[in-house]
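Given only the sequences and the hints, what does the whole structure look like? Please build it.
If you number the first sequence the way my numbering does, the last residue is 1078 and the count never jumps.
Honestly, I wouldn't trust all of these hints.
[To be verified] In silico lysine-lysine, DSS-like type, Cα no more than 27 Å apart, as pairs:
(1) Lys1048 to Lys920
(2) Lys760 to Lys780
(3) Lys780 to Lys865
Calculated directly from the structure, the hints in this document are not laboratory data. All of these numbers come straight from a predicted model, not from anything done at the bench.
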Amino acid sequence: MRFAPNPNGPPTLGSTRGIVVNSEYVKEYNGTFIIRFDDTDPVTKRPMLEAYDWYMEDCKWIGAEPDQVVIASDRLPVYYEYAELLIAGGHAYVCTCTQEEFKKLKDTKQACPHRDIAPEENLREWKRMLAGEYEERTVVLRIKTDIKHKDPALRDWGAFRIIKTPHPRPEVGDKYVVWPLLDFEGAIEDHLQGITHIIRGKDLMDSESRQKYIYDYLGWTYPHTFHWGRVKMHGFGKFSTSALSTSIKSGEYSGWDDPRLPTLRALRRRGIRSEALRKFFIDMGVGETDISLSLDNLYAENRKLIDADANRYFFVWDPVRLEIPGFEPTVARPSLHPSEDRGFREIPVTSSVFVCSRDIKDARKGDVFRLKDLCNIRIIDGNTAEFIGYDIETIKKGKGRIIHWAPVDGIPVSVMTPEGEITGIGEAGIIKELDAIVQFERYGYARIDSVDKQVIAYFTHK
RNA sequence: GCUCCGAUAGUGUAGCACGGCCAAUCAUGCAGGACUCUCACUCCUGCGACUGGGGUUCAAAUCCCCAUCGGAGCACCA
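Here it is, written out as structure tokens:
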């Protein structure tokens, strides 16, 4: 099996599906997993140098280390060789029609004048192409199919064109001016690498019919193919790699791992486990239906994985200070985890704490609350309350709500979420959790990304 | 305009190649409940679908036709 991305950005949720499902089949049937960089367009979908490594990194992280790596831009001579074979066999021709001219003829099922030129002449023209004698957009090498084919998409498709912009990879640079199009490059590589099964997007459904002409001319057997539909993610708008790239450069996003982006590295930074991603995509299977899915399933999967590990902490967002006059300073000792026996945090408390404004803003005089793992209080007015005891049982019997809180000398915490940044105060112990996933009680899970004068956490999910 | 593909609960998915075992699977979601010093976790209960119409057949989610809806291709992009 192979996964064939164009490295013009980091892997996204969509690419991840390709990586996971292909590699899963490989595991199940003991096959070979090849990652092939289809980087044969130095202009329109110009590859990013860093992205090659990003793909390798992300594949590894998600448990899909490739057995082989192929970089198409390294293999132009191979493609040239087969092109010549096809030209010599009279199966391909050099066409100097303009795009518009050819389209017009093709749409009316008419051959262009170049179609009947003799192979020898085509070979000579091909050499001129390779020698750089043609300018961009003046010539193209076409594969001869059936100009009268009922499906216009299959009529004499283009296989090579001229591009004089250097390739971003320094090893390649301006070495070549004749570049293959996807259907040609992919057709040759799939055969050369002995690919037996291809899963490709529904948008590439015609590729098989197009490429089969080459396979027939060369006497090859076409791999088995499957297709999958388009994936739309709820909560993520439409995005294209190139559009994202500009938004990142302009500073609209902090980078390719901005928590608002559906890239693998962003999800990783947020604390999504690779196992959750794998299960999510494997359960989804390979369907031709276009799907529009929510990340709830992924989050649910992830929650099961992280809940037992995630230590609990108090994080108060939208904090308001609540005074409890006369309360004797003490040390609260909430447990690190409600069911795993992992010990306690220790939080020194004085006669005032922070609580979420949401929790007390509608409270009236006399309302009773339990500050979780600390004490019971009764509201006096908007931001003062009186201490009324430590006993949890009295709260359990009554109707007082249990709310969480943070010490007034706590640490500032910023949580980066897909919806934006949430700031508040957390207990100081959070600084011990650098790089770990914690649960902010009554808020959700988050990965502690950095710890300095303040804590930066990346929101995982509820 | 021409061509191709798809359609099962809110979402995703199993079943469809070989029609009966499907009063349709699983997950998530939602609702209710148990547990709990978190709105988390765990557990229990419940809700919810074969796009429509014809046909073939003793029997259709499964086969055929039409319609509707959705997606894609017809690039010197991938």
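A quick look at each hint next to the structure:
| no. | hint | result |
| --- | --- | --- |
| 1 | Lys1048 to Lys920 | holds, 23 Å |
| 2 | Lys760 to Lys780 | holds, 25 Å |
| 3 | Lys780 to Lys865 | holds, 26 Å |
Checked against the numbered hints above, the structure breaks none of them.
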